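> What follows is the residue order along each chain.
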Amino acid sequence: MSDERITADVVVVGSGAGGALTAATLAEAGLDVVVLEEGPWLEADATEPFSKAEMTAKYRDRGISVSLGQPPVAYVEGRCVGGSTEINSGLYHRTPPELVSEWRRDYDIDDFDVDDLAVHYEGVEKALTVSQLPGPAPAHSSMLDTGGGRLGWDVVQVPRWMAYPEGETSFRSGVKQTMTRTFIPRSTAAGARIIAGCRATKVLRRGSRAIGVACVRDDGRRLVVDADHVFVCAGPIHTPALLQRSGVRGVGRGLKMHVTIKVVARFADEVPGSDAVPVHQVKEFAPDLTLGTAISLPGHIAMTLADDWATNGADMDDWRRMAVYYAAIRTQGAGRVIAVPGIKSPFVTYQVTDRDLSHLARGALALGELLFAAGAQRLYPSIADTPPIDRPDDLVRLWGATTRGRASLMTIHLFSSVRMGERRDRTGTNSFGQVWGFDNLYVNDASLIPDAPGVNPQGTVMAIAARNCQRFLADR
Amino acid sequence: MPSPARNPLLRFHQAVAETLIALDVPDASEARRADAIEFVLGQIAALPLHTATGVRAAALTLMPGFERRDAAGRIAAIHKWERSKLPSTRLYLRLLRSLVLFAAYDTTWTLR
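These protein sequence lines are chains H and Y, in that order.
With this note's numbering applied, the first sequence corresponds to residues 1 to 476, in that order.
With this note's numbering applied, the second sequence corresponds to residues 477 to 588, in that order.
Hints were generated in silico from the structure; no laboratory data involved.
Don't take every hint at face value.
[Claimed, not checked] Simulated DEER-style distance windows between Cβ atoms:
| id | chain 1 | residue 1 | chain 2 | residue 2 | range |
| --- | --- | --- | --- | --- | --- |
| 1 | H | 129 | Y | 564 | 45 to 55 Å |
| 2 | Y | 521 | H | 358 | 48 to 58 Å |
| 3 | H | 269 | Y | 532 | 20 to 30 Å |
| 4 | Y | 536 | H | 202 | 29 to 39 Å |
| 5 | Y | 521 | H | 284 | 18 to 28 Å |
[Stated by the list, open to error] Selected chain Y positions facing chain H (in silico; Cβ < 8 Å):
| id | residue |
| --- | --- |
| 6 | 490 |
| 7 | 523 |
| 8 | 558 |
[Said to hold, decoys possible] SDA-like, lysine to any residue: derived pairs with alpha carbons at most 25 Å apart:
| id | chain 1 | residue 1 | chain 2 | residue 2 |
| --- | --- | --- | --- | --- |
| 9 | H | 344 | Y | 530 |
| 10 | Y | 556 | H | 253 |
| 11 | H | 283 | H | 476 |
Computed from a predicted structure; not experimentally measured.
Think of the CB as a built atom: it goes at the ideal place given N, C-alpha and C, for glycine as much as any other residue.
Modelling step: build the complete structure from the supplied sequences, incorporating the hints.
Structure representation (C-alpha cells):
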C-alpha cells in the first residue's frame, strides 16, 4: 500500500505554544499550513484540570516521564492538540531583562533585546488576554504573600492568560486561554489543516533542503506531507529527537530544566480554594531561585507526602489544611536528548550537580522559613527519611537531607536543547530558528531558549516564536 | 493493556499496588481500590522504554515469592523495601506508591 501524500507550503510539527502560534501566523499570512500533532484533539474542558483523567488523556507517557541520572528528575509534557498549554497553570511572565542581555552576549543572538521582543510580548498578551486576578487570590497562594510580607521578601502576583467575564471577581471565574481556544481556531479559520493522532517520524530532506515530513497515524497508516518549509515545534525533548532521527547533528545537548523540590505545609485552619491555581511567587532570590505554590488537590498532596508515607500518611486526614509549595532553581547542570534508532521515546539524561543540590536545599530552607512565617504548623519536605518539621529551628536538617539518594525532584519546565544564536559551536540554529545547514528547516519552540529563564516560560516561547515568524515572512 | 493474569510481571505490579492501597488507604472502598489499581497498571503499561526497563529490572529482583506471601507477609516486604539500600528498590516503591496515592486521592473520591 502506498503512503498517503498531501502537500502544503508549510508543515508544522507540534501544536503547543510555539507550533500553534507559528501555524496561525503563517496561515494568516496566506500560506497553506499543515499541523501534525502526535496526541489527540480534545476540547480544553474535556477533562477536569490536574486530575487523573487529564493525566491519562493529555500528558505524554500518561505523566510519567523521567530523566536518567542520579537523582532522576520527573518531568511532564502535554501530548495533545495545544500541547502543554492545555495542562499547565497558565502563568505568564516576560523574560527577565538581564537574561535576555546575557543570552544575546553569550550566544551572539542578532536583533534580540528587550525592545526587540516588546512588540511580540504585547501581541501575545493581547491574544491570550493576559491579566491579573479580578479579585482576591486563593488562600494557599496568599500564604506566600503573608509569609513574604512578614520577612520583607519580594512577592509578586503573577498574571495568567485568562479571560474573566465582566464584573466577576472570583478566581474560579476565568477561562484559560489555551491554544485550542486561541491560536488553533485562528489557524483553522485561516485555512490551516490540523492532523491529530499523527506522529512525525522523520524530516525528509534533499541535500540542504527539507522537502517534507514522514509520519504515522494512530491507526498505523503512513502519511507524507510534502512542503516547501518545515517548522519543528515538538518541544525540548521531541524536537531534537526528530531532528536527530532526520540526520541533523549538534542538537539535543545542553537541555535545561527548572528543577523543583516540594514541601507540603499544614496550617491551623482549612485552606479554602486549594483546588484553584495559585498565582503568587517569591522573587526575592530570582531568577536563580523562585518559591511558589503548586497545584494542591488531594492527590498532589498525597503524592508529595509519599516520600515518607509511613510517617506522614496518618496526617493526610488533614488535607483540607494543607497545600503544596515548591522551590525551583536554574541549574548549573544540564542534560541531553538522545534518539535511539528503533526506539520511539528518546533517552533523556540530566546531571544535577552538587551545587544544584545545595541550591535546592537552600531553596527548601527559605521556603520553610517563609511558610512558618505565614503560619504553617508543620512542613513535610519531599525528601525520603525526613520526618516532618514542626519548628523553624529544625529547618537546618534540610541541609543534610537534600541528597541524591533522598530528594524527590521534578520539573514542568524544559528548554535549551536546540539553542539559537550565531555561535555555531554552541547553537543548533541561527538567531531566528533556522537549523544550521538547512535552507528551509526551522525550530520554533522552547528548545531555542538559550538557558533556563527562571520564570514560567510560555511568554518567552511565544514571543520568540512570533519574532521568528515575522523574520521568516519578511525574508520570503 | 495486557492482562495481569497472563503476565507475571504485571501480576506482581498488581499485587504490590493492592498491598499498598490496603496499607496506605485502609478505609478505601472496593471501587476506589479497583480504580487505583487499574490506574497503576495503565500507567506502567504506558511507560517509555527506558523507564519501563528500569521498573522491570527492579521488579524482577523483588518478585520472587512475593505473591505467595499472605497479607501480613506482603506488608512486611513493603516495609523492608522502604529501608532498602538499593536505590532501584526505593524508586520502584516510590513510583508505585505515588501512583496509588494519586489515584486514591483523586477528586473523584475526595471532592465530590
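> Against each hint, give a clear statement of whether it holds in the structure.
Hints, one by one, checked against the model:
1. 129(H) - 564(Y): 45 to 55 Å: holds (47 Å)
2. 521(Y) - 358(H): 48 to 58 Å: violated (38 Å)
3. 269(H) - 532(Y): 20 to 30 Å: 46 Å Cβ-Cβ, so the 20 to 30 Å window is violated.
4. 536(Y) - 202(H): 29 to 39 Å: 35 Å Cβ-Cβ, so the 29 to 39 Å window holds.
5. 521(Y) - 284(H): 18 to 28 Å: violated (44 Å)
6. 490: violated (17 Å)
7. 523: holds (6 Å)
8. 558: holds (7 Å)
9. 344(H) - 530(Y): holds (17 Å)
10. 556(Y) - 253(H): Cα-Cα ~39 Å, so violated.
11. 283(H) - 476(H): violated (42 Å)
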